[in-house]
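*Asks:* Listed below, chain by chain, are the residues.
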Amino acid sequence: MKYGTLGIGVAFTALSLALIGTMASDPMMTGDMGAPRRMTYIFLGLLGAFGLLLMHSGWKELQQKKSDAQERDDPQKQAVRKRFWGFVGLCVAYALTLSTVGFFLPSTFFLLFFSLILQRIRVVNAAIISLIFSLAVFIIFKSLLGVPLP
Amino acid sequence: MDTLLIAFQNVFSPIGLLSIVFGTALGIFVGAMPGLGPSMGVALLIPLTFTLPPSISLVLLISLYLAAEYGGSISAVLIGTPGTAAATATVVDGYPLNLLGYPGKALMTSLTASSIGGVIGGVALMLASSPIADFALRFGPVEYCSLGIMGLTIIASLSGDALVKGLGAAALGLCLTLVGVDPVSGMARFTFGMYELYEGIPFLTALIGLFAMAEVFIMVERSLGGAKKPAISGESLTGKEMKHILPACLRGSIIGTVVGAIPGAGASIACWIAYDQEKRFTKHPDRPFGEGALRGIAGPESANSATVGGALIPLLTLGMPGSPTTAVLIGALIIHGLQPGPKLFVDHVDIVYTLFVGLSVSYVVLYLLGRLGMRLWVKIVSIPQTVLAPIIFGLSAVGAYSIRSLTFDIWLALGFGLLGYILKKARFPLAPLILAMILGPMVESNYNRALLLAQNDGHLIFLQSPLSVALLLLSVVAFFYPIIRAHREKKKAL
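Protein sequences, first through last, are from chains A and B.
Residue numbers for the first sequence follow my numbering, so the first one is 1 and each next one is one higher.
Residue numbers for the second sequence follow my numbering, so the first one is 1001 and each next one is one higher.
A portion of the hints provided could be inaccurate.
[What the hints assert, rightly or not] Straight-line C-alpha distance at most 35 Å; calculated DSBU-like pairs for lysine-lysine:
1) B:K1424 to A:K142
2) B:K1424 to B:K1279
3) B:K1279 to B:K1490
4) B:K1492 to B:K1279
5) B:K1279 to B:K1379
6) B:K1425 to A:K82
7) B:K1379 to A:K77
8) B:K1425 to A:K60
9) B:K1379 to A:K142
10) B:K1492 to B:K1425
11) A:K77 to A:K60
12) B:K1425 to A:K77
13) A:K60 to B:K1490
14) B:K1425 to B:K1490
15) B:K1424 to A:K82
16) A:K82 to B:K1379
17) B:K1492 to A:K60
18) B:K1424 to B:K1490
19) B:K1279 to B:K1425
20) B:K1424 to A:K60
21) A:K60 to B:K1491
22) B:K1424 to A:K77
Simulated from the structure, these hints should not be mistaken for lab results.
Produce the entire structure from the sequences given, and follow the hints as far as they go.
*Replies:* Spelled out as structure tokens, the structure:
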């Protein structure tokens, strides 16, 4: 991650400033800064301070790193990147359907898609893995242990 | 005596024994699979324990923890990839020994050393925990606040080369604990109108995201090629070799127990210290170090197993996690209505004893399962991660939902998964973040209570207790020592 540390430093600083900003508009937070509020300010202050330090070390890291333009063009890396974002997209879709349709139907289908996206696996094998997973969750979690499922 | 009898009854009940066998087998599995690990295994197993009695749940989770520390050595020896961070030192001599045609010898050394390390760590836990808990009963809010601060500084200082990153991760963890209703004023903090956040960020959901989902994302990105197919052959250990590795096991166990008990240190540090010590102490190794020396396997393996008992000491007696896995175990204790700390030894002594007895039985089961199932464990290593990744993701979703029966928590876990992925990619250690999420509320609530007690003294109250002063001084040393050391090393290099 070329901009990893720098980006995280910026995010930490911005987050601490934004959160302190939300407290400033709170009538209970203005005026007396008693002990309960003091810890909140200390924690947020620490986040902001380390955000700045991370920005500093991220900037230094960036200057030391050579350009990774060649890496970006690597077709294998591009394939990995596509597969990764495809997986993240499926995860989000899976979470969405879990909230609306329930657990078993989306799990069976998404597990099948996940397996197919991730490697060259025969559809029949992927389907068997998905069915075994759903069945195992049903027997162990739902029937035997009574764990709540979406 | 009655309590001990109850503990034996709990452990030797059918469900107790089944839990130990299941936990151990699952532990070897998650340990052997590179990318999985004890923290993820325990986090994913917690939802399964909801309906079990608390004592059995803990025995199950701790069996998994112990076995996973051994499991990491299987892939380290067979494919040269450590299954867990704790098995990194095992690769150095374990893999060359495998290449020389002695994988059986390497695995038996690892299993024997792990069992010895586990027993010694467990004995230390049993001997040390009661006196420490008795002593900790005298702690008040002032001491607890100082203890929490010391824990935070030690954790951060153990972040290795990434000191600023470790401290930054800890600061983020502290801020995450601010979400929810303020325990003193009763005001909602940073909930942004979402009622799901009024009780704060559920710790287990965060853990499932950070350990399981983040690892799934890493797995997806990392594994393009198929898994290696290892095989097992070669002779086992001879009596002479057993005698040769015994001193290494003892040294490693002591190192593991001590390092494990230090908050934030854990098995990944202990194994390297033990390896270094073996190189210093062994004048006549069977093979040169780095080329398959048995003591090079035995020392680190006994050390990483001994850290389990060591890490449980501060967890049970002070409520301070010694490692990321014990941080997950704190979540399990809380889910079952148990507050880790000295009061556990007063209010739930039967559970503590069940844990001790269960831990002792787990070592025996680990040795038996490890020995009998060696050929099966070898096959585990060849399961492609691309098959495991979607299954782990599905189990993570179930786990996140089952804690509060809220679909919001699935999204929260997914968010933490992405956060964990970004932090890991940028080489931030996750342990300080997790441990700060535990120590944050401890520091905040005790700080507020201490100031209420102080009345006119204000912050001077922290300097009126000798123990608090000692803990704060230790915090200062723990914070500045790595900075000074790094500065000195830089100067030397120039």
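*Asks:* Each of the hints needs a verdict: does it hold here or not?
*Replies:* Okay, the hints, checked on the actual structure:
1. A threshold of 35 Å between alpha carbons decides the hint, and for K1424 (chain B) with K142 (chain A) the separation of about 34 Å falls inside it, so the pair holds.
2. A hinted pair counts as satisfied when its Cα atoms are at most 35 Å apart, and K1424 (chain B) with K1279 (chain B) qualifies at roughly 32 Å.
3. Note on K1279 (chain B) and K1490 (chain B): the hinted pairing holds, with a Cα-Cα distance of about 26 Å set against a maximum of 35 Å.
4. Of the pairs offered as hints, the one joining K1492 (chain B) and K1279 (chain B) holds, with about 24 Å between alpha carbons and a cut-off of 35 Å not exceeded.
5. Our distance criterion of 35 Å between C-alpha atoms is met by K1279 (chain B) and K1379 (chain B), whose separation comes to about 32 Å.
6. Using a Cα cut-off of 35 Å, the hinted pair K1425 (chain B) and K82 (chain A) holds, with the two alpha carbons roughly 17 Å apart.
7. A distance of roughly 29 Å separates the Cα atoms of K1379 (chain B) and K77 (chain A); the hinted pair therefore holds under the 35 Å criterion.
8. Simply put, K1425 (chain B) and K60 (chain A) have alpha-carbon atoms about 17 Å apart, close enough for the 35 Å limit, and the pair holds.
9. Straight-line distance between C-alpha atoms of K1379 (chain B) and K142 (chain A) comes to about 29 Å, which keeps the hinted pair within the 35 Å bound.
10. Restraint check for K1492 (chain B) and K1425 (chain B): satisfied, since their Cα atoms lie roughly 30 Å apart, inside the 35 Å limit.
11. Between the alpha carbons of K77 (chain A) and K60 (chain A) the distance comes to roughly 25 Å, so the proposed pair stays at or under 35 Å and holds.
12. In summary, the hint linking K1425 (chain B) to K77 (chain A) is supported, as the alpha carbons are separated by about 15 Å, within the 35 Å threshold.
13. Among the hinted pairs, K60 (chain A) with K1490 (chain B) is consistent with the structure: their alpha-carbon atoms are about 16 Å apart, no more than 35 Å.
14. Proximity of K1425 (chain B) to K1490 (chain B) is assessed by CA-CA distance (about 26 Å); at most 35 Å being required, the pair is judged to hold.
15. Only pairs whose Cα atoms come within 35 Å are accepted, and K1424 (chain B) paired with K82 (chain A) is accepted, the gap being roughly 19 Å.
16. This hinted pair checks out: K82 (chain A) and K1379 (chain B) have alpha carbons roughly 30 Å apart, not beyond 35 Å.
17. Among the hinted pairs, K1492 (chain B) with K60 (chain A) is consistent with the structure: their alpha-carbon atoms are about 21 Å apart, no more than 35 Å.
18. Restraint check for K1424 (chain B) and K1490 (chain B): satisfied, since their Cα atoms lie roughly 26 Å apart, inside the 35 Å limit.
19. The hinted pair formed by K1279 (chain B) and K1425 (chain B) meets the criterion: a straight-line CA distance of about 33 Å does not exceed 35 Å.
20. Distance check on the hinted pair: K1424 (chain B) and K60 (chain A) sit about 19 Å apart at the alpha-carbon level, within 35 Å; holds.
21. The hinted pair formed by K60 (chain A) and K1491 (chain B) meets the criterion: a straight-line CA distance of about 19 Å does not exceed 35 Å.
22. Between K1424 (chain B) and K77 (chain A) the CA atoms are separated by roughly 18 Å; this keeps the pair inside 35 Å, and the hint holds.
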